[in-house]
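Peer 1: Read top to bottom, the protein sequences are chains A and B.
Using my numbering, the letters of the first sequence map in sequence onto residues 1 to 255.
Using my numbering, the letters of the second sequence map in sequence onto residues 1 to 255.
Don't take every hint at face value.
Same chains, same label: a pair holds when it works inside one copy or across any pair of copies.
Claimed, not checked - With a straight-line cut-off of 30 Å between C-alpha atoms, the simulated DSS-like cross-links for lysine-lysine are:
id, residue 1, residue 2
1, K177, K252
2, K183, K216
3, K192, K25
4, K216, K243
5, K192, K252
6, K252, K220
7, K26, K216
8, K55, K220
9, K243, K25
10, K25, K220
11, K252, K216
12, K192, K177
13, K141, K252
14, K192, K174
15, K243, K183
16, K192, K86
17, K86, K243
18, K174, K243
19, K216, K25
20, K192, K28
21, K28, K220
22, K55, K216
23, K28, K252
Think of the hints as simulated: they come from the structure by calculation, not from any bench.
This is what each chain is made of:
Number of protein chains: 2
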Amino acid sequence: MNILVTNDDGVTADGILCLARTLSKKYKVTVVAPETEQSAVGHAITLRLPLWLRKLDINENFEIYSVSGTPADCVKMGIDVVLGEKPDLLISGINRGNNLGTDVVYSGTVSGALEGAIAGVPSIAVSSYSFENPMYETAAKFILDFLEEFDVRSIPRFTALNINVPSVPYDQIKGWKLTRQSKRMYDDYFEKRVDPSGGNYYWMMGTIIEDDPDPKADYKAIAENYVSVTPISVFLTNEEYLKRLEERYEDKTIR
Amino acid sequence: MNILVTNDDGVTADGILCLARTLSKKYKVTVVAPETEQSAVGHAITLRLPLWLRKLDINENFEIYSVSGTPADCVKMGIDVVLGEKPDLLISGINRGNNLGTDVVYSGTVSGALEGAIAGVPSIAVSSYSFENPMYETAAKFILDFLEEFDVRSIPRFTALNINVPSVPYDQIKGWKLTRQSKRMYDDYFEKRVDPSGGNYYWMMGTIIEDDPDPKADYKAIAENYVSVTPISVFLTNEEYLKRLEERYEDKTIR
C-alpha cells in the first residue's frame, strides 16, 4: 500500500515523523507537508501565489517533500506533482492536540484529509488529544493496528475518517468507538494589549464548552480512553432544515 | 435590525461596500472585514499571532473596521470586541465569484457565515457568480428583497445560508431556489516554472467538473438565472456511512 502523509504542524514536526516512521515499517510512505506550521488554517489553498516544492535530504526510510503552502496544497501537489498518481491512502497528522467538535472546521489536519477525500483517495486525519503532552507513539501504533482491521477502501468518495487518540500510554487505550462530530466549541474572548507605538492588538482566547447530549459525541469516547473515529464529509447541506424550508417556501419568483 | 457585515475579498472590496451601502438604507450596519484579501483561506483563524483592529475614517452611513486576519477572525472580533454583543444578522460578502459545490470548504466568505452560525447569529454568505464580471448591485438588491421575505430568525444554530446570485441585471433574475451543495469540483493541475535562482515553483490551476445528477444541485439553479439558497451546517458527520459502519463494526476493544 502506498501512503501519502501530510499534516498541519509542518514537515519537521514530531508527530508526522513518528507517524511516517511507524507506517514505513509496513508500507511505502511519502511525506509531503507544509514548510512551516499551518495550524488552524482550515481548508485554505494557495491561489494567488505560486508554491515551492523541495525534496529534503533527510536520512529516513521514506521520501520527504516540503511545500510552501497549506495542508490542502500539499495533498494536491503530493498527488499531482510528487506521486503523479493517487496513493492508496492519505493520512494527515499526527496532529499536536485534538480535533473534536467545531475544531473540525478550523483544522488544517482535518482539511488535509478532506482534500484527499475530494480527490478520491481514502483519507484519515489523526490527532493526539493533548496539545501539552501529545503521545505520538500511542497514536501511530493505533493507526498501524487500525489499518489491519478497517478496510479503508470502503470509505466513500468525499468522506474521510477523523480519528482522535487519547494521550495515554498504548496499553491504557480501551479500543475505538464510532462517534459523531460533537457540538464541542469555544467561548471566545480577546485579550487587549497596546503595542509600543500605541496601537491596540488582541490575542484570541477561548474556553471549551462541552455540553452535547449525544452519547456518540466524539469527546465522550476520548474521556473514557477510547479512540474516536468519526466519518466526515465535505457536503455541508443541512438536509433536515432544507426539507423544512421546502415545505414552507416554494421556489420563489421575483416580481 | 443590527447587521454585521464581513467578507474575504478585503475591507475595501467593491462587493462589501455595495452590500453595506444597500443594507444601510434600511438597517444599522457595521462592517468588520479583513485588512487584506483572504480568498480561499477556508475557515482559518489566527491563534499564533495577535490581531490588529482599526476603525477606518471613511465617509459612509455605517462604521467600518479592519482586522489583520481572516473572515472568521473578523466575525469573532466583530461580535466580541466591536459590537460587544451578538448582531441580529451576519452577512458575509458579496464575494467576487461563486461559492458552489466543493468551493464551500475553501471559501473564506462561506467560513465567515459559518463562524457566525457557530456563535449563534443567523448568518448568510452571498456571492456574485462571475469572478470576471460580478454584478454586485444585483446581489445586493436581491438580499434586500430576500430579508423582507425570509425569516432569518428561523435559521437553526450551527447553520447558515449559502446564497449565490447570477451575474445578470436584476430584472433577469427569475427568482430563488432552495438547493443542495453539489459535487461541483475542480480537476487540479500545476503549471511548473523555474525561478531566477533555478528553483522550481508551481501555479495551481483547475478545470471545473459539473456532473452532479441531483436536480437540486446548487449550480443548476444559477444556470437557469435563479438565485441558489443552500442551508449548510458546520457538522460534517456522514450519517449514512456512520450507520453502515455501526452495522459492520461493533465498538472495538484493543488486545
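Peer 1: My question is about K55 and K220: at a cut-off of 30 Å on alpha-carbon distance, are they close within one copy, between copies, both, or neither?
Peer 2: This pair counts as neither: shortest intra-copy Cα distance 41 Å, inter-copy 43 Å.
Peer 1: When no copy is named, should K192 and K252 be tagged within, between, both, or neither for a Cα gap of at most 30 Å?
Peer 2: For K192 and K252, the Cα distance exceeds 30 Å both inside one copy (46 Å) and across copies (47 Å).
Peer 1: Under a CA distance limit of 30 Å, which applies to K192 and K174: within one copy, between copies, both, or neither?
Peer 2: Result: close neither inside a copy nor across copies, 43 Å intra and 48 Å inter.
Peer 1: If the cutoff is 30 Å on CA atoms, where do K25 and K220 land: within, between, both or neither? Let me know, please.
Peer 2: For K25 and K220, the Cα distance exceeds 30 Å both inside one copy (32 Å) and across copies (48 Å).
Peer 1: Is it within a copy, between copies, both, or neither that the alpha carbon of K55 lies no farther than 30 Å from that of K216?
Peer 2: Neither way: K55 and K216 sit 42 Å apart in one copy and 44 Å across, limit 30 Å.
Peer 1: Checking K183 and K216: alpha-carbon separation at most 30 Å within a copy, between copies, both or neither?
Peer 2: both (11 Å within a copy, 28 Å between copies)
Peer 1: Using 30 Å as the alpha-carbon threshold, which applies to K174 and K243: within, between, both, or neither?
Peer 2: Classified as between: cross-chain Cα gap 22 Å, same-chain 40 Å, threshold 30 Å.
Peer 1: Is the C-alpha distance from K26 to K216 at most 30 Å within one copy, between copies, in both cases, or in neither?
Peer 2: neither (32 Å within a copy, 45 Å between copies)
Peer 1: Pop the pair K192 and K86 into one bin, within, between, both or neither, using alpha-carbon distances up to 30 Å.
Peer 2: between (47 Å within a copy, 19 Å between copies)
Peer 1: Could you figure out if K216 and K25 sit no more than 30 Å apart (CA to CA) within one copy, between two copies, both or neither?
Peer 2: Neither: 33 Å inside a copy, 47 Å across copies.
Peer 1: How would you classify K216 and K243 at a CA-CA limit of 30 Å: within, between, both, or neither?
Peer 2: both (25 Å within a copy, 12 Å between copies)
Peer 1: Given a CA cutoff of 30 Å, do K86 and K243 count as a within-copy pair, a between-copy pair, both, or neither?
Peer 2: between (37 Å within a copy, 28 Å between copies)
The structure is inconsistent with the numbered hints 3, 5, 7, 8, 9, 10, 12, 14, 19, 21 and 22, although it conforms to all the rest.
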